[in-house]
Amino acid sequence: MNKFISLTLRIWRQKRPNEKGQFETYPAKDISTDISILEMLDVINEQLTLEGKDPIAFDHDCREGICGMCGAVVNGHPHGSEKGTTLCQLHMRHFSDGDTIVIEPWRSRAFPIIKDLAVDRSALDRIIQAGGYISVNTGGAPDANAIPIAQEAADKAMDAAACIGCGACVAACPNASAMLFSGAKISHLALLPQGKPEAAKRAIHMLMAMDALGFGNCSNERECEVQCPKEISIVNIARMNREFLKASFFSSEK
Amino acid sequence: MSWLIQTLWSSIGKKLMMAVTGLCFCIFLVGHLAGNLTIYAGKDAFDAYAEGLHALGPLLTLIELGLLIFAIIHITTGLTLFYQNLRARPTRNKVTKRGGGRTIASATMPYTGIILLMFVVMHLINFSFVDKSETTIAQIVSQKFENPIYVLIYVAAMIIVAFHVRHGFWSAFQTLGANHPKYMTTLMALSIILGLVVGFGFGMLPLYISLFS
Ligand code: FES
Numbered sequence: 001m002n003k004f005i006s007l008t009l010r011i012w013r014q015k016r017p018n019e020k021g022q023f024e025t026y027p028a029k030d031i032s033t034d035i036s037i038l039e040m041l042d043v044i045n046e047q048l049t050l051e052g053k054d055p056i057a058f059d060h061d062c063r064e065g066i067c068g069m070c071g072a073v074v075n076g077h078p079h080g081s082e083k084g085t086t087l088c089q090l091h092m093r094h095f096s097d098g099d100t101i102v103i104e105p106w107r108s109r110a111f112p113i114i115k116d117l118a119v120d121r122s123a124l125d126r127i128i129q130a131g132g133y134i135s136v137n138t139g140g141a142p143d144a145n146a147i148p149i150a151q152e153a154a155d156k157a158m159d160a161a162a163c164i165g166c167g168a169c170v171a172a173c174p175n176a177s178a179m180l181f182s183g184a185k186i187s188h189l190a191l192l193p194q195g196k197p198e199a200a201k202r203a204i205h206m207l208m209a210m211d212a213l214g215f216g217n218c219s220n221e222r223e224c225e226v227q228c229p230k231e232i233s234i235v236n237i238a239r240m241n242r243e244f245l246k247a248s249f250f251s252s253e254k
Numbered sequence: 001m002s003w004l005i006q007t008l009w010s011s012i013g014k015k016l017m018m019a020v021t022g023l024c025f026c027i028f029l030v031g032h033l034a035g036n037l038t039i040y041a042g043k044d045a046f047d048a049y050a051e052g053l054h055a056l057g058p059l060l061t062l063i064e065l066g067l068l069i070f071a072i073i074h075i076t077t078g079l080t081l082f083y084q085n086l087r088a089r090p091t092r093n094k095v096t097k098r099g100g101g102r103t104i105a106s107a108t109m110p111y112t113g114i115i116l117l118m119f120v121v122m123h124l125i126n127f128s129f130v131d132k133s134e135t136t137i138a139q140i141v142s143q144k145f146e147n148p149i150y151v152l153i154y155v156a157a158m159i160i161v162a163f164h165v166r167h168g169f170w171s172a173f174q175t176l177g178a179n180h181p182k183y184m185t186t187l188m189a190l191s192i193i194l195g196l197v198v199g200f201g202f203g204m205l206p207l208y209i210s211l212f213s
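Chains A and B supply the protein sequences, listed in that same order. For the first sequence, the tail end lands on 254 under this note's numbering, and the numbers increase by one without skipping. For the second sequence, the tail end lands on 213 under this note's numbering, and the numbers increase by one without skipping.
Calculated from the structure, these hints are not laboratory results. Bear in mind the structure is a predicted one, so any value in this text is a computation, not a measurement. Warning: the hint list may mix true and false statements.
No farther apart than 20 angstroms at their CA atoms in a straight line, the calculated lysine to any residue pairs in the SDA-like style are these [claimed, not checked]:
id: 1; chain 1: B; residue 1: Lys94; chain 2: A; residue 2: Gln22
id: 2; chain 1: A; residue 1: Lys201; chain 2: B; residue 2: Leu4
id: 3; chain 1: A; residue 1: Lys201; chain 2: B; residue 2: Trp3
id: 4; chain 1: B; residue 1: Lys97; chain 2: A; residue 2: Ser81
id: 5; chain 1: B; residue 1: Lys182; chain 2: A; residue 2: Ala157
id: 6; chain 1: B; residue 1: Lys132; chain 2: B; residue 2: Thr7
id: 7; chain 1: B; residue 1: Lys94; chain 2: A; residue 2: Asn75
id: 8; chain 1: B; residue 1: Lys97; chain 2: A; residue 2: Glu82
id: 9; chain 1: A; residue 1: Lys29; chain 2: A; residue 2: Gln47
id: 10; chain 1: A; residue 1: Lys20; chain 2: A; residue 2: Lys115
id: 11; chain 1: A; residue 1: Lys83; chain 2: B; residue 2: Arg102
id: 12; chain 1: B; residue 1: Lys94; chain 2: A; residue 2: Arg109
id: 13; chain 1: A; residue 1: Lys201; chain 2: B; residue 2: Lys132
id: 14; chain 1: A; residue 1: Lys15; chain 2: A; residue 2: His60
id: 15; chain 1: A; residue 1: Lys246; chain 2: B; residue 2: Ile5
id: 16; chain 1: B; residue 1: Lys94; chain 2: A; residue 2: Gly21
id: 17; chain 1: A; residue 1: Lys246; chain 2: B; residue 2: Leu176
id: 18; chain 1: A; residue 1: Lys115; chain 2: A; residue 2: Arg16
id: 19; chain 1: A; residue 1: Lys156; chain 2: A; residue 2: Val235
id: 20; chain 1: A; residue 1: Lys201; chain 2: B; residue 2: Ser2
id: 21; chain 1: B; residue 1: Lys94; chain 2: A; residue 2: Thr100
id: 22; chain 1: B; residue 1: Lys97; chain 2: A; residue 2: Phe23
id: 23; chain 1: A; residue 1: Lys83; chain 2: B; residue 2: Arg98
id: 24; chain 1: A; residue 1: Lys83; chain 2: B; residue 2: Gly100
id: 25; chain 1: B; residue 1: Lys97; chain 2: A; residue 2: Val226
id: 26; chain 1: A; residue 1: Lys20; chain 2: B; residue 2: Gly100
id: 27; chain 1: B; residue 1: Lys97; chain 2: A; residue 2: Asp54
id: 28; chain 1: A; residue 1: Lys254; chain 2: B; residue 2: Gly13
id: 29; chain 1: A; residue 1: Lys201; chain 2: B; residue 2: Ile5
id: 30; chain 1: B; residue 1: Lys43; chain 2: B; residue 2: Leu176
id: 31; chain 1: B; residue 1: Lys97; chain 2: A; residue 2: Gly76
One chain only, chain A, in its complex shape (with noise of 0.2 angstroms):
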């Protein structure tokens, strides 16, 4: 059954980094219930290009809540106020006939906003450089059981590489901090035999990177856990502080 609601969206545009930027309303009219905000976006977009005005630049790819490309702050929930929900996967029958939706992009001095909705994420990747990876030789694809992995080991490191580094963490979290993406991706790789022989310098290094990026201190408010659209558990938070602390007071890592 198809049904159609009427919408009022106050979107942040911004036309450029370091430019002011305001709300502007927009009406949203007979939105399909089955699509999901981006589509909805895609649908207002092409009626302001049609008016020739500039259209709403937000960040997508997949669109099936893999990629971590999408995200925004709507109505003061990162991706929305569904439970393990990414904004891609965010459908309108979330909402009624008649609602206001006010869609913000993600706020941190971290992430720059390129334009509109659109912000500039590469500071997760400057953490990634820092120490989020192994370092083996190229070649052929080791064989599957080659390094025996115990089975909580490995659930527990995929529950943290669930992580899709969309931002939301940093979005939530009343201090902007990027603990959450930075516990899952230390924990990911502290968890495996593979990860091992780096964890202290990845410890350090990515640590050391996240702070100089800009970003805020976790002071344990749990927001980050509770909007993760992977639904990743601060247990990460506290690995990351445990590796970090072991690999600066007993190893011989700087």
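Position chain B with the ligand against the provided structure of chain A, taking the given hints into account.
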């Protein structure tokens, strides 16, 4: 040594300092409360407790010195974190909703902390740095709490302490990396219980003193 400074002044390092000093303050609060409960046993018991405490001599001075150093660390680090966290988000969203992680206690940590600092200064002026040559501490205390304003300030401060402890206690364990599926629910509950014990334990005292002594 530069590695030590780098470690302690990193984001996790600063949190580590907050956690360790904060936990020590929790232990201090419990000790302080246990001592203060002698008030219920009457003025003599309370004065005897105070005397016993001062009889510790250099040990007491050492503890006081330790508390002072920890307070300086806790305050300077806390204010630095507060400033850095404000800086990390120069523009705020127009609409911000809680997802359910944040509590009143966690959201107000810097503010309750600053209020508590002012309270501690006042508290020390009231009861620590006073001339006790002619009177006993029990007399000073009951005199002070004849004034309802003081009762009000003290009770309010203890409610604030309760909130600060309620987030601080479990948070310290999380910061130290002690998040474990078997213990985390207990720690969370303990955090609330400790907040209540400290809040009610200390908070009832000014009321009791002003009403019954
Ligand atoms: S567009 Fe890929 S996760 Fe939303």
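Legend entry - Violated hints, by number in ascending order, as checked against the structure: 6, 13, 26, 27 and 30
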